[in-house]
Amino acid sequence: MPIITLTTDFGLEDEYVGVMKGIILGRAPAAEVIDLTHLIPPQDIKRAAILIQSAWKYFPARTIHIIVVDPGVGTRRQVILVKKQERLFLAPDNGILSLLGNDNSQAYAVTNKNLFLEKISNTFHGRDIFAPVAAALANGLSPAEVGPEIAFKHLIKLAWPEIVVNKREIRGEVVYVDHFGNLITNIHYKLLPPVFQQNLPEFNLRIKGHLIKKINICYKDGKEAKPMALFNSNNYLEISLKNGSAAQLLAGKCGDNVKICPTK
Amino acid sequence: MPIITLTTDFGLEDEYVGVMKGIILGRAPAAEVIDLTHLIPPQDIKRAAILIQSAWKYFPARTIHIIVVDPGVGTRRQVILVKKQERLFLAPDNGILSLLGNDNSQAYAVTNKNLFLEKISNTFHGRDIFAPVAAALANGLSPAEVGPEIAFKHLIKLAWPEIVVNKREIRGEVVYVDHFGNLITNIHYKLLPPVFQQNLPEFNLRIKGHLIKKINICYKDGKEAKPMALFNSNNYLEISLKNGSAAQLLAGKCGDNVKICPTK
Amino acid sequence: MPIITLTTDFGLEDEYVGVMKGIILGRAPAAEVIDLTHLIPPQDIKRAAILIQSAWKYFPARTIHIIVVDPGVGTRRQVILVKKQERLFLAPDNGILSLLGNDNSQAYAVTNKNLFLEKISNTFHGRDIFAPVAAALANGLSPAEVGPEIAFKHLIKLAWPEIVVNKREIRGEVVYVDHFGNLITNIHYKLLPPVFQQNLPEFNLRIKGHLIKKINICYKDGKEAKPMALFNSNNYLEISLKNGSAAQLLAGKCGDNVKICPTK
Chain A
18 MPIITLTTDF
28 GLEDEYVGVM
38 KGIILGRAPA
48 AEVIDLTHLI
58 PPQDIKRAAI
68 LIQSAWKYFP
78 ARTIHIIVVD
88 PGVGTRRQVI
98 LVKKQERLFL
108 APDNGILSLL
118 GNDNSQAYAV
128 TNKNLFLEKI
138 SNTFHGRDIF
148 APVAAALANG
158 LSPAEVGPEI
168 AFKHLIKLAW
178 PEIVVNKREI
188 RGEVVYVDHF
198 GNLITNIHYK
208 LLPPVFQQNL
218 PEFNLRIKGH
228 LIKKINICYK
238 DGKEAKPMAL
248 FNSNNYLEIS
258 LKNGSAAQLL
268 AGKCGDNVKI
278 CPTK
Chain B
18 MPIITLTTDF
28 GLEDEYVGVM
38 KGIILGRAPA
48 AEVIDLTHLI
58 PPQDIKRAAI
68 LIQSAWKYFP
78 ARTIHIIVVD
88 PGVGTRRQVI
98 LVKKQERLFL
108 APDNGILSLL
118 GNDNSQAYAV
128 TNKNLFLEKI
138 SNTFHGRDIF
148 APVAAALANG
158 LSPAEVGPEI
168 AFKHLIKLAW
178 PEIVVNKREI
188 RGEVVYVDHF
198 GNLITNIHYK
208 LLPPVFQQNL
218 PEFNLRIKGH
228 LIKKINICYK
238 DGKEAKPMAL
248 FNSNNYLEIS
258 LKNGSAAQLL
268 AGKCGDNVKI
278 CPTK
Chain C
18 MPIITLTTDF
28 GLEDEYVGVM
38 KGIILGRAPA
48 AEVIDLTHLI
58 PPQDIKRAAI
68 LIQSAWKYFP
78 ARTIHIIVVD
88 PGVGTRRQVI
98 LVKKQERLFL
108 APDNGILSLL
118 GNDNSQAYAV
128 TNKNLFLEKI
138 SNTFHGRDIF
148 APVAAALANG
158 LSPAEVGPEI
168 AFKHLIKLAW
178 PEIVVNKREI
188 RGEVVYVDHF
198 GNLITNIHYK
208 LLPPVFQQNL
218 PEFNLRIKGH
228 LIKKINICYK
238 DGKEAKPMAL
248 FNSNNYLEIS
258 LKNGSAAQLL
268 AGKCGDNVKI
278 CPTK
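Chains as they are written, first to last, in my numbering: chain A, 18 to 281; chain B, 18 to 281; chain C, 18 to 281.
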């Protein structure tokens, strides 16, 4: 039986998540339902896109990932199923899957109403569409049976914050703040030009008026009350604080600029 | 193996929920334990009553629902087991099940101490009574073995906020605020008198000084920064805000009045 | 298949916990993964130590407890496996297991890199080491195969707040605040000297300027807006408030002193 993961902005105080699980397990009793998170900030499609891209590859083949951050619920926006490297992704077509990459992915419009609950509300497709369709897929339904195949390239894509990389500077921004108050940027290790990669030459990293001159290896290397930079476990540059929250110290948030320049 | 759901006010930072699961799974290893929520506001029996009433019907027959919001723990309040439409509900007798309806329900006082942990504390019956009794039921114990049958009508009932419905007005109130800041009222679609149902005639809906003149179909139909009304996925009237929190905009909370009047 | 429990400070908004579950279930599909909590305050080793000590005994034999509160991740701190009464505990060697007691426990340094993910980050050993090692243990790996046995007594121990117990006074402190705002102290029932145990003679309990003269049996016995004392479900003295938060009323927090003196 495949794993079904859930990523939503539903929060944990209401019955919304539990109801989805009730429907899934009523129809696919042997499925294993795993919460990725239900604390995506309400309507924050970009945060959900980053999270699923960081998480999916750690789940085994045949996993079904449901992602429901869906401000357009009840409108004519499509529900889509994407198949990529033996995993399935079920989501509204609002850009939430736009970081998955398009290598050999197949996409389908989820239109087969026989799979849905009998009455479809205009506010809770997690319950009425996503849960029962995922259960059917867990039970062995072939992706093509959810509806017509569509071109992956026609799916809605998020505008993504630009990264400037040249010999004089790297410019990116904070794309999310994690639970620890780490400021995670969109600067991936691979983006560093050779001048930065060779033994990490001297540089000035500036964020919100703070100057950082070193990439640390681990959190404990930092100094108390001084922000540090390191590459996180997904190889993105993050600004952190030893035993504290960089977000709090710097009043840092999504969209803050980060700039790295070699010192000569 | 049946599903066991948990609804509590225990929060997520302590070991309380995990300990209940340890006891359940130690005794009924094949049970599937599903969290509905552990974020019922402390001691808020009314919120728990609404939540379980919204959720139970989406779980399959044989599900065992444990609901522990229990300010009377350690006193002589009863623990009860209710059987309704092939589902079981295990809860303190404090009104928490009073929205389930009483059609053909059977009720039992949970008194069979052989089912409990050996030592019963006065502060944590979730661990000492609810978890082991649910495990025994999951293992096939018949409801009658938990203790004597009692009359459903003698169970404690919550006082419920009054709804006024007549040709000139519908008056209800906000009964809870969800994670998105939606203000959920006790006005069910079915309560609308014919004058309101026929093609939704013109009306004035007033809440906290705001005037709303339309029922929207979905969230996206709203206008930014203007509260809207719609019927939610359980068919109750809610006041919402497109891409925001109506609770925040209106400083809305439980108990706020909502009044709908036809314009002529 | 054994149960695997997770106790971390990772929070619930990011993919960190889900990724650990993906790795565990990809390698040990029949394992049951149970969250104890992910809301240990960041880097709070002491809170995690108390929580796991309160929780582990309610889980069946063969359970594997993973505890990751790990400010030293990426340094040379050891990862350890402890076997105690047929349960396994997998944690960084930073004092987090120091309340388990050392009766007949065996300890191992987790050094067998064949069990880890191929690339080990310096910031997320929950994913790279703890999850795959736990999966291997769930699949039947013997503890001795994780690495060399080490002396339990050489593991790092937390300094623990002192308790003064004599005929004239008992002095302890608040060691954590739970979800309800209960102030849990390190004063165990067993520590009470005979003068206190015999029918609970008159005493003065003082905390933050408040005087309490009675041990209550259950929460409902309290008076509104007056702090009360009782022994909680783990037999530790706690300061509570009927239908409210003692922490809020008293501005109580970790480290606050509690003193009990007989009145004569």
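Treat the hints with care, since some could be wrong.
Chain copies aren't distinguished; within one or between two, either way the pair holds.
Distance condition first, Cα-Cα at most 25 Å in a straight line; then the derived PhoX-like pairs of lysine-lysine [said to hold, decoys possible]:
no.	residue 1	residue 2
1	259	174
2	184	101
3	243	231
4	259	270
5	237	100
6	281	270
7	136	270
8	225	240
9	276	259
10	101	243
11	207	276
12	174	231
13	243	136
14	207	184
15	174	207
16	170	231
17	184	237
18	225	74
19	231	136
20	237	136
21	207	101
Please keep in mind that the hints were generated in silico from the structure rather than gathered at the bench.
Every value quoted in this text rests on a predicted model; they were computed, and no experiment measured them.
We went through each hint and held it up to the structure:
1. 259 <-> 174: between (36 Å within a copy, 22 Å between copies)
2. 184 <-> 101: neither (35 Å within a copy, 57 Å between copies)
3. 243 <-> 231: Answer is within; shortest intra-copy Cα gap is 12 Å, inter-copy 48 Å.
4. 259 <-> 270: Classified as both: same-chain Cα gap 18 Å, cross-chain 23 Å, threshold 25 Å.
5. 237 <-> 100: Close neither inside one copy (40 Å) nor across copies (28 Å); limit 25 Å.
6. 281 <-> 270: neither (30 Å within a copy, 51 Å between copies)
7. 136 <-> 270: Neither. Shortest intra-copy (41 Å) and inter-copy (30 Å) distances fail the 25 Å Cα cut-off.
8. 225 <-> 240: Classified as within; 18 Å inside a copy, 34 Å across copies.
9. 276 <-> 259: Within one copy only: 21 Å inside a chain, 35 Å across chains, cut-off 25 Å.
10. 101 <-> 243: Intra 42 Å, inter 41 Å, cutoff 25 Å: neither.
11. 207 <-> 276: within (16 Å within a copy, 59 Å between copies)
12. 174 <-> 231: For residue 174 and residue 231, neither the intra-copy (35 Å) nor the inter-copy (33 Å) Cα distance is at most 25 Å.
13. 243 <-> 136: neither (55 Å within a copy, 29 Å between copies)
14. 207 <-> 184: Answer is within: at 14 Å inside a copy they meet the 25 Å cutoff, but 67 Å across does not.
15. 174 <-> 207: Answer is within: at 23 Å inside a copy they meet the 25 Å cutoff, but 41 Å across does not.
16. 170 <-> 231: neither (40 Å within a copy, 38 Å between copies)
17. 184 <-> 237: This pair counts as neither: shortest intra-copy Cα distance 31 Å, inter-copy 45 Å.
18. 225 <-> 74: The answer is neither: 33 Å in one copy and 48 Å across copies each exceed 25 Å.
19. 231 <-> 136: Answer is between: at 23 Å across copies they meet the 25 Å cutoff, but 58 Å inside does not.
20. 237 <-> 136: Between. Shortest inter-copy distance 20 Å satisfies the 25 Å Cα cut-off; intra-copy 54 Å does not.
21. 207 <-> 101: Cα proximity of residue 207 and residue 101: one copy only (23 Å, versus 45 Å across).
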